[in-house]
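Line order of the protein sequences matches chains F, G and V. Taken in order, the first sequence gives residues 1 to 266; the numbers are from the numbering used here. Taken in order, the second sequence gives residues 1 to 412; the numbers are from the numbering used here. Taken in order, the third sequence gives residues 1 to 304; the numbers are from the numbering used here.
Be careful, since some hints might not be right.
What the hints assert, rightly or not - A short, non-exhaustive set of chain V residues, derived as facing chain G with CB atoms under 8 Å: (1) 82; (2) 86; (3) 108; (4) 109; (5) 118; (6) 122; (7) 232; (8) 239; (9) 274; (10) 281; (11) 284.
Honestly, the hints are just simulated from the structure, not real lab data. Note that CB positions come from ideal geometry on N, CA and C, so glycine has one too.
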Amino acid sequence: MSKEALLAVEDLSMRFGGVTAVDEVSFTAYARDITAIIGPNGAGKTTVFNCLTGFYRPSAGSLVLAQDGKQFRLETLQGYRIARDAGVARTFQNVRLFAGMTVLENLIVAQHAELTRASRYNFGGLFGLRSHRAAERAAIERAREWLDLIGLTARANEAAGNLPYGAQRKLEIVRAMCTGPRLLCVDEPAAGLNPHESAELARFLVAIRDRFGIGILLIEHDMSVVMGISDHVVVLNYGQKIADGAASEIRRDPTVIAAYLGEEEA
Amino acid sequence: MGWAPRLKDAALAALVAFALALPLAGFQTADTGQGFTTRFDWVAIAAGAAFAGKLLLGLVPRRFHLRQRAARRTALPENQAMPIAGAALVAFAVLLPVLPFSSRALVDLATVALIYVMLGWGLNIVVGLAGLLNLGYAAFYAVGAYSFALAAHWYGLTFWEMLPLAGLLAAVSGILLGLPVLRLRGDYLAIVTLGFGEIVRIVLNNWSPVTGGPNGVNDVPRPTFFGMPIAARAPEGVTTFNDFFHLAYNPMQRVMFLYYVCLAAALVINWFSLRIRRLPVGRAWEALREDEIACRALGLNPTTIKLSAFAISAMIGGFAGVFFAARAGFVSPESFNFQESATILAIVVLGGMGSQLGIVLAGVVLATLPEFGRDLAQFRMLFFGAAMVAIMIWRPRGFFSTRAPSVRLDPP
Amino acid sequence: MAYFLQQLVNGLALGAIYALIAIGYTMVYGIVGMINFAHGEIFMIGAFISLIGFLVLGALGITWVPLALLLVLLLAMGFTAVYGWTVERIAYRPLRGSFRLAPLISAIGMSIFLQNYVLLIQGAHEKTLPPVISGGFVLMQSGGFAVQVSWLQLIIVGVTLALMAAFTAMIQLTPLGRAQRATEQDMTMAALLGIDVDRTISLTFVIGAALAAVAGLMVTMQYGVIDFFIGFLAGVKAFTAAVLGGIGSLPGAVLGGLLIGLIEAFWSGYFPSEYKDVAVFAVLILVLMFRPSGLLGRPEVEKV
Chain F
1 MSKEALLAVE
11 DLSMRFGGVT
21 AVDEVSFTAY
31 ARDITAIIGP
41 NGAGKTTVFN
51 CLTGFYRPSA
61 GSLVLAQDGK
71 QFRLETLQGY
81 RIARDAGVAR
91 TFQNVRLFAG
101 MTVLENLIVA
111 QHAELTRASR
121 YNFGGLFGLR
131 SHRAAERAAI
141 ERAREWLDLI
151 GLTARANEAA
161 GNLPYGAQRK
171 LEIVRAMCTG
181 PRLLCVDEPA
191 AGLNPHESAE
201 LARFLVAIRD
211 RFGIGILLIE
221 HDMSVVMGIS
231 DHVVVLNYGQ
241 KIADGAASEI
251 RRDPTVIAAY
261 LGEEEA
Chain G
1 MGWAPRLKDA
11 ALAALVAFAL
21 ALPLAGFQTA
31 DTGQGFTTRF
41 DWVAIAAGAA
51 FAGKLLLGLV
61 PRRFHLRQRA
71 ARRTALPENQ
81 AMPIAGAALV
91 AFAVLLPVLP
101 FSSRALVDLA
111 TVALIYVMLG
121 WGLNIVVGLA
131 GLLNLGYAAF
141 YAVGAYSFAL
151 AAHWYGLTFW
161 EMLPLAGLLA
171 AVSGILLGLP
181 VLRLRGDYLA
191 IVTLGFGEIV
201 RIVLNNWSPV
211 TGGPNGVNDV
221 PRPTFFGMPI
231 AARAPEGVTT
241 FNDFFHLAYN
251 PMQRVMFLYY
261 VCLAAALVIN
271 WFSLRIRRLP
281 VGRAWEALRE
291 DEIACRALGL
301 NPTTIKLSAF
311 AISAMIGGFA
321 GVFFAARAGF
331 VSPESFNFQE
341 SATILAIVVL
351 GGMGSQLGIV
361 LAGVVLATLP
371 EFGRDLAQFR
381 MLFFGAAMVA
391 IMIWRPRGFF
401 STRAPSVRLD
411 PP
Chain V
1 MAYFLQQLVN
11 GLALGAIYAL
21 IAIGYTMVYG
31 IVGMINFAHG
41 EIFMIGAFIS
51 LIGFLVLGAL
61 GITWVPLALL
71 LVLLLAMGFT
81 AVYGWTVERI
91 AYRPLRGSFR
101 LAPLISAIGM
111 SIFLQNYVLL
121 IQGAHEKTLP
131 PVISGGFVLM
141 QSGGFAVQVS
151 WLQLIIVGVT
161 LALMAAFTAM
171 IQLTPLGRAQ
181 RATEQDMTMA
191 ALLGIDVDRT
201 ISLTFVIGAA
211 LAAVAGLMVT
221 MQYGVIDFFI
231 GFLAGVKAFT
241 AAVLGGIGSL
251 PGAVLGGLLI
261 GLIEAFWSGY
271 FPSEYKDVAV
281 FAVLILVLMF
291 RPSGLLGRPE
301 VEKV
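Using the sequences provided together with the hints, build the complete structure.
Quick look at the structure:
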């Protein structure tokens with residue numbers, strides 16, 4: 001069964017002054033796959049993410065996202081367009097929820113583009129245009145479904161900042177999903193979670209992938225999560241790719257083991 | 001805590017107060033020449049007050065410390081009393097001119113209060129909702145006032161013609177301010193807006209051929225009642241309001257009319273600002289305030305969000321400027337200095353950034369304070385400066401720190 | 001040519017004064033990441049204390065210039081430093097860790113408070129001081145125009161350079177300076193390593209205030225007239241200088257100060273002087289738009 005490429009990263013490089021954080025990294029993330037990017041600290045994983053999601057402009061290389069006949073060159077798109085037009089959503093290493101806004105509001109903001117359209121750039125909305133009201137109801141319903149999925153419906157009207165850490169992480173993922181992405185980039189989702197919570201999160205990601213058919217790009221240190229759910233693993237070290245393949249191959253790869261020497265992960 | 005450390009703390013406070021008070025309060029320079037008088041009694045009072053104050057503060061048990069109580073950040077549930085209080089306030093405002101204790105001065109004062117409230121709501125959009133600290137808001141106020149005054153002076157345009165135009169011009173100037181500050185962070189953005197405000201004031205003050213320089217423009221017309229001026233006499237061929245309704249002219253009528261126009265505008269702006277919070281752009285403003293990076297990651301365009309905040313808040317400032325000019329009958333640059341911007345900021349901060357009602361109360365208090373004795377007026381700004389510091393420490397979200405969510409999930 | 005040189009001389013002296021105030025802004029921004037909006041008022045308070053110092057010394061009969069100058073310098077620096085310390089303690093320390101805008105709004109409130117405080121206890125009228133140091137020399141003559149340099153101007157520039165050298169040495173060589181640099185880099189880590197972060201920050205404010213007091217003293221002597229409002233404009237311009245030079249950089253603050261002084265002097269010399277402040281604000285806006293890290297600062301990379 002040939003896999004359909006979703007994201008093609010080719011010779012991606014990122015230089016900051018004299019430091020090369022990412023050095024000609026190439027890999028492909030396939031549609032409906034969970035691709036993990038792993039590597040020791042400082043390997044350049046989050047930098048790759050930041051290049052993909054428009055927070056850094058790559059010094060060199062190309063990032064091509066292609067699906068359903070549409071193609072997007074992410075290295076040329078302006079930051080917010082990557083989420084809005086290309087459909088690449090992300091979560092952050094340090095959870096970045098809108099802490100002072102409610103759980104529900106976080107999910108409604110994520111549906112901003114659609115709601116703006118339906119409200120005719122807010123003017124229609126100002127005067128109670130019916131299509132806007134319908135769109136808002138639909139947005140709330142979509143949010144409710146997601147909240148049901150993660151068990152936060154009862155806390156929908158609470159401030160997002162008051163949720164326990166694990167719930168915040170899940171909410172952030174759900175918020176990213178509310179933008180209707182093609183590719184979901186998740187940055188260390190298991191950080192700070194205990195093994196039980198990590199396993200639950202791993203199942204959650206697989207469930208999302210199965211139900212919505214999106215591609216997931218995952219940075220993670222927790223090897224049980226990585227080995228458990230990844231279809232494909234890319235290993236970085238000192239900004240370069242040192243391995244690329246199925247999880248089972250990577251586990252036994254001597255270069256990978258050497259890179260991690262001294263760092264024990266189950 | 002034992003008495004020895006408490007006394008030591010209090011003594012330290014007294015020493016600091018002494019050092020602060022001695023040079024400036026202890027010696028008062030004369031207004032002219034090199035004379036000065038000593039006022040060491042003030043220094044002693046300051047030191048004593050500090051000693052007593054610190055001692056008393058130290059005696060308040062820990063659990064009553066206000067700062068710790070306010071530390072939790074929550075989106076508090078919607079305050080049920082708000083709509084009722086609001087309705088009562090509106091009713092009072094509508095009836096004000098015809099109440100028995102009313103007078104021309106009172107209605108005029110109420111008009112001033114309304115203008116400040118509108119300015120507060122306007123600034124609240126950009127500071128309270130979008131979290132962009134604008135220290136030059138008086139510039140938009142000035143744009144509105146001056147464009148009306150100058151258009152009337154040079155081209156004979158009327159109040160009603162200029163109201164929408166002035167708002168539009170102010171909105172444009174809002175965008176012009178917004179463009180350079182798009183990529184600036186909080187502190188830098190604030191300073192640049194301050195610079196912008198000063199630039200506008202300096203230009204208005206010095207471009208005499210066009211703006212009238214320091215003297216300003218002093219023939220600003222009043223609003224007409226469907227084209228009929230409210231006046232004792234009118235130019236040839238123009239019917240006055242009084243002629244039409246067969247009423248003797250009374251200055252109170254003019255003041256009342258302007259008051260009701262302002263009240264109507266204020267109600268519209270109130271409706272608008274409440275409504276816009278529930279629209280995508282309003283939520284986007286609040287999201288931007290919370291975390292701009294997360295906004296970008298969700299596909300929100302920070303540029304349009306920021307520019308819309310600047311434009312809309314500027315537009316409201318512009319409207320307020322037109323009312324200001326119409327009420328005073330003249331405009332001059334000194335009404336639009338940094339002190340004015342700071343005052344409006346004080347209204348938003350003290351009233352509670354994001355709270356409609358809080359801003360109303362703060363605006364009314366601020367407008368009426370000078371009336372309670374001329375002496376108090378001197379202390380007004382001193383009080384507001386201290387209050388701003390205190391509010392940030394004690395209740396950063398202002399006195400009315402409820403943040404009502406813009407949308408709720410009700411049980412199915 | 002001579003006219004040009006005169007503007008140059010004037011600009012450098014003015015710039016030195018801005019530099020002294022700018023150092024305070026840049027040091028505070030470097031260590032706590034906020035603009036001390038009240039710093040301009042601290043400068044104004046320094047000017048007032050200097051003026052009062054001269055008046056009191058004069059009344060006490062101490063008129064020998066070098067002694068009076070030294071005494072006023074120490075008194076002004078000392079008392080103004082207390083103001084600087086108090087402002088930090090009351091308005092900023094409690095807000096460490098609060099939401100983004102809180103320290104800035106508090107600073108604005110503090111600035112308003114201090115301005116009105118001086119207004120109330122000293123009156124709105126401007127205060128004057130007869131010249132303390134007068135005279136100078138003619139640098140050169142050309143085409144009937146004599147370029148004059150006053151002793152005071154030389155003193156101002158000299159003192160500024162000396163203070164800058166002293167503080168650079170202090171930052172690089174002393175434990176306090178090391179503590180300051182560490183706290184600037186990573187406050188939490190510095191605290192964990194045993195650095196008294198509170199004291200380090202307080203000292204930063206105190207030093208900044210003392211330098212602003214020196215600037216206040218210079219201004220009092222140079223112009224002979226002050227009022228409660230001088231802090232506002234001087235503060236914004238000095239902040240512009242700090243940004244121009246590169247916020248967080250000490251030599252940047254001095255460089256920026258000198259440049260702003262020169263810009264102002266040259267503008268007044270060749271263009272309508274009513275708009276000289278507009279020129280400075282325009283510089284601020286342009287620098288922040290196109291090179292926010294300033295001339296000597298390092299570009300900040302956004303951490304996501």
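Against the structure, the hints come out as follows:
no., hint, in the structure
1, 82, "holds (4 Å)"
2, 86, "holds (6 Å)"
3, 108, "holds (7 Å)"
4, 109, "holds (3 Å)"
5, 118, "holds (7 Å)"
6, 122, "holds (6 Å)"
7, 232, "holds (7 Å)"
8, 239, "holds (6 Å)"
9, 274, "holds (4 Å)"
10, 281, "holds (4 Å)"
11, 284, "holds (5 Å)"
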